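Colleague: Residues per chain are reported as follows:
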Amino acid sequence: MSDDWEDQLYQLLIKHEVSLLPYVPDAGHAALISKADKGHEIATVVLSTEEEGVALNCGAWLGGKRSVLLMQSSGVGNCINMMSLIANCSFPFVTLVTMRGEFGEFNSWQVPMGQATKDCLEAIGLTTYCVEDPDSLLKTVDAALFSAFASQQRNAVLMSQKLLGRKEW
Amino acid sequence: MLNRRDVVKKIQSALTAHLFISGLGSPSYDLHAAGDNPKNFYLWGAMGGAAMMGLGLAMARPDQKIAVLTGDGEQLMGLGALATIGVAKPQNLAVIVLDNGHFGETGMQQSHTSQGVDLGAVAASCGFAYTCTVEDAAGLADLLHQLQTVNGPLCAVVRVSAAPVPRSLPILDGSELKNRFRRVLNLDPL
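Just so you know, the sequences run in chain order Z and U. Residue numbering for the first sequence follows the numbering used here, starting at 1 and increasing by one per position. Residue numbering for the second sequence follows the numbering used here, starting at 1 and increasing by one per position.
Honestly, the hints are just simulated from the structure, not real lab data. Please read these numbers as outputs of a predicted model, since none were measured by experiment. By construction, the Cβ of each residue, glycine as well, lies at the ideal position given by its N, Cα and C atoms. Wrong hints could be hidden among the right ones.
Said to hold, decoys possible - Label-pair distances were calculated between CB atoms; the ranges are:
hint, chain 1, residue 1, chain 2, residue 2, range
1, Z, 48, U, 139, 28 to 36 angstroms
2, U, 36, Z, 134, 44 to 52 angstroms
3, Z, 80, U, 116, 26 to 34 angstroms
4, U, 118, Z, 48, 17 to 25 angstroms
Unchecked claim - Subject to a maximum C-alpha distance of 30 angstroms in a straight line, what follows is the list of computed BS3-like cross-link-like pairs (lysine-lysine):
hint, chain 1, residue 1, chain 2, residue 2
5, Z, 65, U, 89
6, Z, 162, Z, 118
7, U, 65, Z, 65
8, U, 39, Z, 38
9, U, 39, U, 10
10, Z, 139, U, 9
11, Z, 15, U, 10
12, Z, 139, Z, 38
13, U, 9, Z, 38
Claimed, not checked - Sample of chain U residues lacking proximity to chain Z, with all beta carbon distances greater than 12 angstroms (derived):
hint, residue
14, 107
15, 151
16, 189
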């Protein structure tokens, strides 16, 4: 992973006036979380489980602020009923999901949820975008943030293990 | 034993400047019965989410005071949220648990709080700045004072009767609830 795209991703969140970044950590999000913690533009919120971040994003929008949820694909399964909130109220919503169990996975226990992630998100009403390289990541996150906060869309950007690299064991 | 409707009516009457988020089931009916208002955001689902919506709102709007009204059943589902709020430490957030010790919407099965789990103690151990358990009118009067004076996050467990009260149904339409709430803060719908 080059540091470059992670810095550009951070700058993109700032450009779109994202001010809150709730997360359950994943190695693929570690650099972004670190940049936010070092900077003054975006406040991070460590969660105990991913669905907390769904509700937090919606509460932030009630108050007029933009919040983006960071999680790993295994956390998507924890979020499904909470995501009914997004659909019922037409909340703008963006989550960046780092994938496991999808490409070159060692830990077979990650595979069932990783393989189900896209279908689960779409079943509860989110639009999914799969990205495999830094250029498409930045373009896709830019578009996902724009359509969420300009036209109340609910978007999940799935960041492939092809982008993030294999976890070494 | 305290009557939940009387408790919520007194809280709403005392906290005239607060924004309210209520959890699904009885807390939303109680808040509606106390008096509908655009600054009430009633949840009808998303169980476990009320306190975290409150945290998101509190962090987005440090200029406002936020009161979350929830039940023991919902907060048990969102137990981890107490840890998250305790760490985030929003000074402008109060989580008020109307604790009847039962799952009221589903046949009055006993919840964990009837069987020894103390949500106020959990909140205290999670780092809430102020916690209390309210069992009577004097305790409620003190809570109303604390809600207006102490820095949060505050968690109050208010023990209320499990005796049934009539439903008082807020509007269901989530977009309307969202948009009317945001207008209170001079935020336009998209």
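Colleague: Evaluate each hint against the coordinates.
Modeller: Each hint, compared with the structure:
For residue 48 (chain Z) and residue 139 (chain U), the hinted distance range of 28 to 36 angstroms is satisfied, since their beta carbons lie about 29 angstroms from each other. Distance hint check: the CB atoms of residue 36 (chain U) and residue 134 (chain Z) are about 50 angstroms apart, consistent with the given range 44 to 52 angstroms. Taking the beta carbon of each, residue 80 (chain Z) and residue 116 (chain U) are about 31 angstroms apart, inside 26 to 34 angstroms as hinted. Between residue 118 (chain U) and residue 48 (chain Z) the beta carbon distance is about 19 angstroms. The supplied range of 17 to 25 angstroms therefore holds.
Distance restraint check for residue 65 (chain Z) and residue 89 (chain U): the Cα-Cα separation of roughly 18 angstroms lies within the 30 angstroms cut-off, and the hinted pair is therefore satisfied. Taking the CA atoms of residue 162 (chain Z) and residue 118 (chain Z), the gap is near 16 angstroms; set against the 30 angstroms cutoff, the hint holds. For the given pair, residue 65 (chain U) sits about 16 angstroms from residue 65 (chain Z) by alpha-carbon distance, which is consistent with the 30 angstroms threshold. Between the alpha carbons of residue 39 (chain U) and residue 38 (chain Z) the distance comes to roughly 35 angstroms, so the proposed pair goes past 30 angstroms and is violated.
The straight-line distance between the Cα atoms of residue 39 (chain U) and residue 10 (chain U) is roughly 16 angstroms, inside the 30 angstroms bound, and the hint therefore holds. With a CA separation close to 50 angstroms, the supplied pair residue 139 (chain Z) and residue 9 (chain U) exceeds the 30 angstroms bound. Of the pairs offered as hints, the one joining residue 15 (chain Z) and residue 10 (chain U) is violated, with about 44 angstroms between alpha carbons and a cut-off of 30 angstroms exceeded. Note on residue 139 (chain Z) and residue 38 (chain Z): the hinted pairing holds, with a Cα-Cα distance of about 25 angstroms set against a maximum of 30 angstroms.
Under the criterion of a C-alpha separation no larger than 30 angstroms, the hint pairing residue 9 (chain U) with residue 38 (chain Z) is inconsistent with the structure, at around 44 angstroms. Under the 12 angstroms C-beta cut-off, the non-interface status given to residue 107 (chain U) relative to chain Z holds; the minimum distance is some 20 angstroms. Its beta-carbon lying about 18 angstroms from the closest one in chain Z, residue 151 (chain U) satisfies the requirement of being farther than 12 angstroms from that chain. Under the 12 angstroms C-beta cut-off, the non-interface status given to residue 189 (chain U) relative to chain Z is violated; the minimum distance is some 9 angstroms.
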